[in-house]
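> Produce the complete structure using the sequences and hints provided.
2 protein chains.
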Amino acid sequence: MTNETTEARVLDAIRERRDLVNAAIDEELPIGHPERLYEASRYILDAGGKRLRPTVTTLAAEAVTGTDPMGADFREFDALDGEPVDIMRAAVSIEVIQSFTLIHDDIMDEDDLRRGVPAVHEQYDTSTAILAGDTLYSKAFEIMTETGSDPTNGLEAMRLLASTCTQICEGQALDVAFESRDDILPEEYLEMVELKTAVLYGAAAATPAVLLGADDEVSDALYQYGIDSGRAFQIQDDVLDLTVPSVELGKQRGSDLVEGKETLITLHARQQGVDVDGLVDAETPAEVTEAEVDDAVAALEASGSISYARETASELTARSKEHLEALPEGGSRSLLEDLADYLITRGY
Amino acid sequence: MTNETTEARVLDAIRERRDLVNAAIDEELPIGHPERLYEASRYILDAGGKRLRPTVTTLAAEAVTGTDPMGADFREFDALDGEPVDIMRAAVSIEVIQSFTLIHDDIMDEDDLRRGVPAVHEQYDTSTAILAGDTLYSKAFEIMTETGSDPTNGLEAMRLLASTCTQICEGQALDVAFESRDDILPEEYLEMVELKTAVLYGAAAATPAVLLGADDEVSDALYQYGIDSGRAFQIQDDVLDLTVPSVELGKQRGSDLVEGKETLITLHARQQGVDVDGLVDAETPAEVTEAEVDDAVAALEASGSISYARETASELTARSKEHLEALPEGGSRSLLEDLADYLITRGY
Numbered sequence: 001m002t003n004e005t006t007e008a009r010v011l012d013a014i015r016e017r018r019d020l021v022n023a024a025i026d027e028e029l030p031i032g033h034p035e036r037l038y039e040a041s042r043y044i045l046d047a048g049g050k051r052l053r054p055t056v057t058t059l060a061a062e063a064v065t066g067t068d069p070m071g072a073d074f075r076e077f078d079a080l081d082g083e084p085v086d087i088m089r090a091a092v093s094i095e096v097i098q099s100f101t102l103i104h105d106d107i108m109d110e111d112d113l114r115r116g117v118p119a120v121h122e123q124y125d126t127s128t129a130i131l132a133g134d135t136l137y138s139k140a141f142e143i144m145t146e147t148g149s150d151p152t153n154g155l156e157a158m159r160l161l162a163s164t165c166t167q168i169c170e171g172q173a174l175d176v177a178f179e180s181r182d183d184i185l186p187e188e189y190l191e192m193v194e195l196k197t198a199v200l201y202g203a204a205a206a207t208p209a210v211l212l213g214a215d216d217e218v219s220d221a222l223y224q225y226g227i228d229s230g231r232a233f234q235i236q237d238d239v240l241d242l243t244v245p246s247v248e249l250g251k252q253r254g255s256d257l258v259e260g261k262e263t264l265i266t267l268h269a270r271q272q273g274v275d276v277d278g279l280v281d282a283e284t285p286a287e288v289t290e291a292e293v294d295d296a297v298a299a300l301e302a303s304g305s306i307s308y309a310r311e312t313a314s315e316l317t318a319r320s321k322e323h324l325e326a327l328p329e330g331g332s333r334s335l336l337e338d339l340a341d342y343l344i345t346r347g348y
Numbered sequence: 349m350t351n352e353t354t355e356a357r358v359l360d361a362i363r364e365r366r367d368l369v370n371a372a373i374d375e376e377l378p379i380g381h382p383e384r385l386y387e388a389s390r391y392i393l394d395a396g397g398k399r400l401r402p403t404v405t406t407l408a409a410e411a412v413t414g415t416d417p418m419g420a421d422f423r424e425f426d427a428l429d430g431e432p433v434d435i436m437r438a439a440v441s442i443e444v445i446q447s448f449t450l451i452h453d454d455i456m457d458e459d460d461l462r463r464g465v466p467a468v469h470e471q472y473d474t475s476t477a478i479l480a481g482d483t484l485y486s487k488a489f490e491i492m493t494e495t496g497s498d499p500t501n502g503l504e505a506m507r508l509l510a511s512t513c514t515q516i517c518e519g520q521a522l523d524v525a526f527e528s529r530d531d532i533l534p535e536e537y538l539e540m541v542e543l544k545t546a547v548l549y550g551a552a553a554a555t556p557a558v559l560l561g562a563d564d565e566v567s568d569a570l571y572q573y574g575i576d577s578g579r580a581f582q583i584q585d586d587v588l589d590l591t592v593p594s595v596e597l598g599k600q601r602g603s604d605l606v607e608g609k610e611t612l613i614t615l616h617a618r619q620q621g622v623d624v625d626g627l628v629d630a631e632t633p634a635e636v637t638e639a640e641v642d643d644a645v646a647a648l649e650a651s652g653s654i655s656y657a658r659e660t661a662s663e664l665t666a667r668s669k670e671h672l673e674a675l676p677e678g679g680s681r682s683l684l685e686d687l688a689d690y691l692i693t694r695g696y
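Chains A and E are the protein sequences, given in the same order.
The numbering of the first sequence is our numbering, which starts it at 1 and goes up by one.
The numbering of the second sequence is our numbering, which starts it at 349 and goes up by one.
There could be a bad hint or two in this list.
As the list claims (entries may be wrong) - Computed from the model, here is a short list of chain A residues facing chain E with C-beta under 10 Å: (1) A132; (2) S163; (3) I168; (4) C169.
For the record, the hints were derived by calculation from the structure and aren't laboratory data.
It should be emphasised that the depicted structure is a prediction, and the values quoted were computed from it without experimental measurement.
All residues carry an ideal CB built from backbone N, CA and C; glycine is no exception.
Below, the structure is given as structure tokens:
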């Protein structure tokens with residue numbers, strides 16, 4: 001992102017859509033019976049979040065059909081064959097999957113804070129957190145069956161959603177396994193990031209194309225856009241974990257480092273001979289001091305590792321935008337490009 | 349079930365199908381990457397199980413279409429519109445969901461043994477068990493998209509699978525909540541059983557009808573057959589937990605009682621004035637003695653509570669068989685009737 005006007009435009013697009021998405025979440029995920037289960041399922045969704053993936057989904061729907069940004073009601077979005085499709089349901093479904101993975105990941109990673117509030121397993125208990133995640137999982141699939149699309153396209157979207165979830169599990173399993181290894185190759189890390197994070201961006205971008213009946217070329221291009229910008233997003237997340245004040249991050253800064261999570265930053269630093277495991281002494285995010293994190297960040301800056309991560313994210317973002325050339329030009333395609341930039345320039 | 353010949357016929361039907369189902373599980377759930385995740389996902393599936401739900405699914409497919417028992421290759425089963433449908437994939441999908449729920453339930457219930465082997469969270473660890481369950485969850489949805497059915501029917505089957513999973517989560521949440529309550533009404537218990545156990549039998553029975561394009565009347569009847577026989581199945585499970593030797597049960601006999609799980613048996617006993625909470629002193633299944641369980645069972649027999657559970661199961665089974673009258677007569681419908689009987693006469 002090169003100027004403030006572009007950033008302001010992206011933030012506006014995110015904000016406008018976020019309000020619609022939040023209203024749709026209320027509608028699609030009412031508090032059912034048993035109440036405690038549904039409250040726990042909604043807890044992280046209600047704690048905030050920028051709704052980046054739903055923003056991608058709604059923008060992609062517009063870009064595929066050549067609709068003006070926010071010119072359509074996403075609830076009855078005109079498909080290419082003329083039949084209305086509820087694109088907002090697809091967007092909610094993707095966001096609900098994201099929320100399920102956060103809840104289960106926080107249990108596995110023993111992360112106690114999320115979006116500035118206690119993680120579900122802390123606010124409730126581990127059993128409730130497991131079940132809340134499981135409930136969101138099936139709800140996401142239920143919601144995705146209800147877009148009103150042509151059934152062939154609907155079934156294809158379900159297939160994409162299901163295989164995406166499988167890949168997310170594979171990615172999280174790799175992430176967990178990496179914690180007990182110190183010989184991870186950068187390619188392995190990038191594979192993990194693709195599975196754990198990028199495929200859901202891929203699904204967020206490609207699903208509207210599938211539901212609306214776009215050509216395979218278009219849905220493939222959007223998928224690749226999501227993959228590359230999703231990878232860049234995760235690398236930026238790793239940078240932010242080290243550089244953004246804890247209060248803005250919603251959790252302790254430097255958590256990844258304390259928990260021994262490998263990132264592109266630590267892998268690069270190891271290659272430069274930095275003693276990554278000795279960077280912080282604290283064993284839990286609760287114990288680490290800001291000064292300790294400051295020193296670690298200084299060392300990672302000195303080795304060029306943080307710059308390296310930023311450059312890699314930047315290259316991926318450039319690539320992600322190239323994929324969009326398969327789409328008709330217009331305001332929404334241009335916002336998708338700007339959004340890709342925003343994913344790596346955002347400060348939190 | 350009134351005679352040994354009938355029982356032998358049901359057991360034969362289960363056994364023949366089980367071998368086909370196990371081969372299909374091997375094919376649909378190969379050990380992928382990362383290996384440890386997939387091995388953990390397969391662990392309980394490979395530890396045994398009678399494959400009762402896939403038996404229901406394949407029998408229902410035959411009953412709907414009037415095919416002879418085992419007269420068709422379930423991989424290319426003739427739908428009512430003539431197009432082949434892979435009914436075996438539907439059967440595997442349902443069994444995979446069942447296995448996911450076992451893995452997550454065992455974490456929540458702190459059950460350390462399952463099918464005579466350590467639970468996944470014991471054999472591996474809790475994170476791996478959460479992820480193994482999550483992987484099976486999405487794999488079940490992936491597999492269900494691949495039956496080759498008419499897309500409208502396929503999407504309807506996905507909807508049924510998703511809403512069934514939501515209900516299973518609701519049921520498990522109620523079950524967990526019941527552990528800290530002592531004022532549960534029998535109606536509440538039956539609602540919990542319907543959600544936690546019976547709906548998956550309902551889906552197992554109705555899904556082939558949906559995929560094969562049967563009338564709503566037929567799929568509804570099969571669903572109700574599954575609901576009633578599934579409820580009876582769970583009540584029988586509660587009886588077996590008290591009456592079958594631990595070695596055959598694959599876990600400690602009396603576990604439910606020790607863990608304070610309410611069942612129709614304990615609810616009836618409370619109404620008869622039995623001090624249910626005082627029946628066993630042990631606080632974990634590992635601590636309880638066989639003598640303690642024997643005494644508890646004697647008390648529950650004296651209060652008529654075990655008989656009451658058996659009678660309730662028997663009434664539900666009779667009702668489940670009545671629903672089948674909506675189906676064409678034939679060998680498979682008759683086997684479905686016998687199977688319903690088997691679910692409440694089985695010894696383990």
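> Decide, hint by hint, whether the structure agrees.
Right, here's what the structure says about each hint:
1. A132: 8 Å, holds
2. S163: Since the shortest Cβ distance to chain E is 6 Å, the answer is holds.
3. I168: 8 Å, holds
4. C169: 4 Å, holds
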